[in-house]
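Participant: Single-letter residue listing:
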Amino acid sequence: MAEAIVFWTLAVLILGLGIMVISARSAVHSVLFLVVNFLLVAVLYVMLNAEFVAVIQVLVYAGGIVVLYLFVVMLVSLKKAPERYADPRRVAWTGTLLAGAVLLEVVAIVVASSGGGEPAATEGALGAADTPFAECGAGPLVSCNTEQLGWVLYTSYLIPFEVASMLLLVAMIGAIVLAKRHL
Amino acid sequence: MMDTVVVPLLKIAVLLNAVLVAVTFLVLMERKVIAWAQSRLGPMRVGPYGILQAIADPIKLILKEDITPARADKYVFTLAPIMSLVPALVVFSVVPFGPDPFYYVSDINVGLLFVISVTSIGVYGIILGGWASNSKYPLLASLRASAQLISYEIAVTMTLVSVILTTGTLSLVGIVEAQREGGLWFAFVQPVALMLVFIGGLAETNRAPFDLPEAETELTGGFHTEYSGMRFSLFFLAEYANMIVISAVVVIMFFGGWLAPFPNVPALSFLGLVPAWIWFIGKIFLFLYVFIWIRATLPRYRYDQLMGLGWKVLIPIAIGNLVVTGILKVAL
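Chains Y and U are the protein sequences, given in the same order.
In case it helps, our numbering puts the first sequence at residues 70 to 252.
In case it helps, our numbering puts the second sequence at residues 6 to 337.
Be careful, since some hints might not be right.
[Claimed, not checked] Residues from chain U shown here face chain Y by an in silico Cβ test under 7 Å; the list is partial:
(1) Phe119
(2) Ile121
(3) Ile155
[Unchecked claim] Pulled a few chain Y residues facing chain U out of the computed Cβ check, cut under 8 Å:
(4) Val104
(5) Asn118
(6) Ala119
(7) Phe121
(8) Leu218
(9) Val221
(10) Leu222
[Claimed, not checked] Dumping the calculated DMTMM-like pairs for lysine to aspartate or glutamate here, alpha-carbon to alpha-carbon at most 25 Å:
(11) Lys334/U x Glu186/U
(12) Lys249/Y x Asp309/U
(13) Lys334/U x Glu174/Y
If you are wondering where the hints come from, they were derived from the structure by calculation, not from laboratory data.
Glycine residues also receive a C-beta, built at the ideal position from the N, C-alpha and C atoms.
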C-alpha cells in the first residue's frame, strides 16, 4: 500500500516535471526541471531494488550530462526565443509525428511484454538467478544488485557491452577530431 | 518504530549539528592556521585566543541584510545556495564513524558511488548561483566552475575505480574492513590513487590552488559576488562541508577510517584504547589541516593550466593506474 502511494506520487511528479521541462519559458528552468525529473526517476529505481542503476542515474545523468546541458545553455544564452518559435499556436508537425511514433512504440513494448512475462521469468532471462551472488540480497537495504549486474554484464552481455564501449570510444575520438582544427 | 524511525532521525539530527558546528570551527581553524603561516596571530579579540570568533562570525552573517539583485532570477537565486549545501550534508548519511551500526546512519552497498553521485549534484548550486545573479563576473565564475568540476570528477571517479578493484566492495564500511583484514592501509597499496584523489578533491571543493571559481583578484569574489547575508554563508557552509566530505573519503579509502594506526606493533597497542570515532575525526582534521596548509602555501593556477592538468595529466595517470591495478589484481 505504502509502496503504491509512493509510486503514484512519484509517477505524477515525474510526468508533471516532464511537462514543465518542455513548457518552461527559460531554457535554464527547463534544465532544472529535468534534473529534478532525473532524481525522481532514480528514486523509482531504488524502489525496484536497483540501487546501482539509481546511483548511476544520478551520477551520469543528473551530475554529468545535465551539467553539460546547462553549460551549453549558458554559453549560447537563450534570452529570447526566435520569433519563428514564439507563436504558441504554431504546431510542429514533424515533432508531433515523431513523438506519436515513440509513444506507440512504448505502448507496443509494454503490451507485448506484459502478456508473457511473470517477474521471475524476466529475472531468469537476465541470468541474475544463475550468478554466484543469487543467494545474497535478503534485506531491503543490502542487496547484491551491483554484483549481479556486473556478473551479467561481463558474462551473458559481454559482446553488447564491449560494442557499446567501442561506440562511445569512437564518439569520443570523433568529438576530439571535430574540435581540433589540426592534430 | 524505534529502530527504523526514531533512532535514525536522532542520529541525523546529531550528525547535522555536529557537521555544522565543525564547519564554524573549521573557519576559525582556517583563519588561525593561515595567520600562523604568515607569522600573524589571527583572530584574538573574541574569547580566549579568539575561540568565540567561531560563534561571532555566524551571528554577524545572520544579522546582515539579505539582498536579492533587482535583475536576478529570484527563484533560482534563492534555490542555488540550498542546492549547493544539501548534497554536501546528505553525503554524511553513509559516512561510517566507527565499526558498529551505532556509528553510522546507514551502510548501503553502493556507498562510495552514492558519495560520488551526490557530491556531483552540488555543482548545480555554483552554476545556478552564478547564472541567476545576472551579472558578468558570477557568470564567468560559474562557467569556470562547471568545466573544472566535470573535468576533475572524471579523474577522481576513475581513480576510485582502481581502489574499488582492490577492495571488491563499494560499501564504505566494507572498504575499511578490507583494510583491517589486510593489515595495510590503502595509502601504501595505492599511493598514486591517493595523490590523484587528493588533488581532485582540492579541485572539486574549489580550494586553493584550484579556487578559480572564486578567484577574488580577477572575478571580484566569483559566483557568490551578488550574494549577501545568510545565503552567502550557505555557500560557505557548503564549501567547508565538502572539505570535510573529501577528507572523510580520503581517510576511509586510504587511511583506514576508524582504525588505529600500527596494529602490528605490540608496543603501540595502547593506541587501540582510543575510541574508533576519535581516530576517524582526528584523521579527518589532519587532512583539513593539509587543505588549509596548501592554501597558505601555493599560488593559484592559471585557468588553462588547471584544465590542462586535469585532462592531460590526472586523467591519463588515473587510466594508467587503473590498468596497472587490474593487471596486478589478475597476476597476483
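Participant: All hints, please: hold or fail.
Facilitator: Against the structure, the hints come out as follows:
1. Below 7 Å, beta-carbon pairs count as interface contacts, and Phe119/U has one with chain Y at about 6 Å; its hint therefore holds.
2. Restraint check, Ile121/U versus chain Y: the minimum CB separation of about 6 Å is within 7 Å; hint holds.
3. Because the smallest distance between the Cβ of Ile155/U and any Cβ of chain Y comes to about 6 Å, under 7 Å, the interface hint for this residue holds.
4. Given hint, Val104/Y at the interface with chain U, holds; its Cβ is 7 Å from that chain's nearest Cβ, closer than 8 Å.
5. Residue-level restraint check for Asn118/Y is violated (minimum Cβ-Cβ distance to chain U is 11 Å; threshold 8 Å).
6. For Ala119/Y, the suggested interface contact is broken, since its CB lies about 10 Å from the closest CB of chain U, more than 8 Å.
7. Interface hint status for Phe121/Y: upheld, as the beta-carbon distance to the closest one in chain U is roughly 6 Å, under 8 Å.
8. The beta carbon of Leu218/Y comes no nearer than 11 Å to any beta carbon in chain U, farther than 8 Å, and the hint placing it at the interface is violated.
9. The criterion of a C-beta within 8 Å of any C-beta in chain U is not met by Val221/Y, whose closest approach is roughly 16 Å, and the hint is violated.
10. A hinted interface residue such as Leu222/Y counts as satisfied when its beta carbon comes closer than 8 Å to some beta carbon of chain U; here the least separation is about 15 Å, so the hint is violated.
11. For the suggested pair Lys334/U and Glu186/U, the alpha carbons sit about 17 Å apart, so the restraint of at most 25 Å is met.
12. Our distance criterion of 25 Å between C-alpha atoms is met by Lys249/Y and Asp309/U, whose separation comes to about 16 Å.
13. Distance restraint check for Lys334/U and Glu174/Y: the Cα-Cα separation of roughly 45 Å exceeds the 25 Å cut-off, and the hinted pair is therefore not satisfied.
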